[in-house]
Amino acid sequence: MEVTVTINGDSHSHDVEPRTLLVHYIRDVVGLTGTNIGCDTSSCGACTIHVNGESVKSCTMLAVQADGQDLLTIEGLANGDVLHPMQESFRQCHALQCGYCTPGMVMAAVSLLDENPDPTEREVRIGLEGNLCRCTGYHNIVKAVLHCAEASS
Amino acid sequence: MIPAAFDYIRAGSAEEALAALAEHGDEAKLLAGGHSLLPLMKLRLATPAVLVDIGRLDDLSYINDAGDHLAIGALTRHRDVETSELVQSQAGLLAEATSHVGDPQVRHRGTIGGSIAHGDPASDLPSVMLAMRATLVARGPGGEREIAIDDFFTGFLETALGDDELLTEIRVPKMPDATWGFQKFNRRAQDWAIVGVSAIVNNGNSGVGLVNMDSIPVRAAGVEAALAGGASASDAAEAAAEGTNPPSDLNAGPEYREHLARVLTRRALEAAGR
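Top line first, the protein sequences correspond to chains A and B.
Here the first sequence is numbered in my numbering, starting from 33 and rising by one per residue.
Here the second sequence is numbered in my numbering, starting from 7 and rising by one per residue.
Everything labelled a hint here was simulated from the structure, so no lab data went into it.
As the structure is a prediction and not an experimental result, all values here were calculated from the model.
Treat each hint with caution, since some may be false.
Stated by the list, open to error - A short, non-exhaustive set of chain A residues, derived as facing chain B with CB atoms under 7 angstroms: (1) 50; (2) 74; (3) 80; (4) 86; (5) 88; (6) 89; (7) 92; (8) 96; (9) 123; (10) 162.
Said to hold, decoys possible - Residues of chain A clear of chain B, computed beta-carbon distances all greater than 10 angstroms: (11) 66; (12) 107; (13) 113; (14) 126; (15) 129; (16) 130; (17) 131; (18) 163; (19) 167; (20) 178.
Beta carbons: idealized from backbone N, C-alpha and C, even for Gly.
Chain A with its partners taken away, still in its complex shape (with noise of 0.2 angstroms):
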């Protein structure tokens, strides 16, 4: 099935099969592979998105349902050579160990801060309930998000 999808601004048209998930179609078939795939079972979010400005599993959707949708992933957060808040808190706040929960967990954080911009340090560890960090590096992820906040309040 033809799938049209705008990602991190340019469009990609392809023919895929309607079970291809939409994580494995941003890997493999655009090539775009900062989108970690931890779980596999929507639990861990790594491969957090956003889909039309909102954070999405894309481990637990399919690529035709993202037909004709606006799609962002980590590659597309920072304006060229210049970080993304968020990301640039994470860089401040030595909010990664090995680095693999970072993309969803900087996705899922956007997200977080879109809808609620000037978040208690509770309200962070809730909104970042869907994504897990093995390393448990928790601490300065939040750390990360409200310094974001704060820096951009």
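Could you slot chain B onto chain A? The hints should help.
Then chain B, alone, in the frame of chain A:
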């Protein structure tokens, strides 16, 4: 994990969805937000030959004040329910419970109708529907019919919906002055409830629905009867597990679930001011 192959039909209207269901019968499954069905398909626990995507039927995504009840379109996403001022003011229990479904990413995609039609006894929302005595509206080849929530869940992941029917609307009685409590017990954030309880008290009438206490979502009828007879919260909660048949899994056996049901029911009732 990749689902087994299927034919994909994107419905442009409810009528198109119904026509596809009429043609393919029990070979077909409806796909709304996909956050219950796709995980099952990836595990090959569900292998529908035809997937009818109703995710774009925007005319079934709404929250309306319909006089004595809220009319909520089946394709309304969890995110839209939990943030709706109308739901928050008229059905606070529903808004609160919805905010505990899955995680933010799940709530951006999952729908109220999909969650209820899936009929999972471990889901949060069926317990709310039982507590608030919601009515469901289904559309089929013969037109629309109403289904009382107590008649809806018929077996494990089975409902009163026919193979040729589409859940279109959830009618939740408006209860602006109700007091309520929602309790969800799990070991990790975003997990399914090991046991959950929805309790509401409205004009002296109470409703209590249980999560994960049987093969279908069940009402704590014994608790409701005890409350109607004037029992205190803690006395009424003792009846929470009566008549249930709780499942056993890695998280808990039946006895522990029965214990949880009693404790969580007491807490929910106390939160509801009983």
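Verification of the supplied hints:
1. 50: This interface hint holds because 4 angstroms falls under the 7 angstroms limit.
2. 74: holds, 6 angstroms
3. 80: holds, 6 angstroms
4. 86: holds, 4 angstroms
5. 88: holds, 6 angstroms
6. 89: holds, 5 angstroms
7. 92: holds, 5 angstroms
8. 96: Cβ of residue 96 (chain A) sits 6 angstroms from chain B, so the hint holds.
9. 123: violated, 23 angstroms
10. 162: holds, 3 angstroms
11. 66: holds, 17 angstroms
12. 107: Its Cβ never comes within 10 angstroms of chain B, the nearest being 19 angstroms, so this holds.
13. 113: holds, 29 angstroms
14. 126: At about 23 angstroms from chain B, residue 126 (chain A) clears the 10 angstroms cut-off, so the statement holds.
15. 129: holds, 20 angstroms
16. 130: holds, 20 angstroms
17. 131: holds, 20 angstroms
18. 163: violated, 8 angstroms
19. 167: holds, 17 angstroms
20. 178: holds, 17 angstroms
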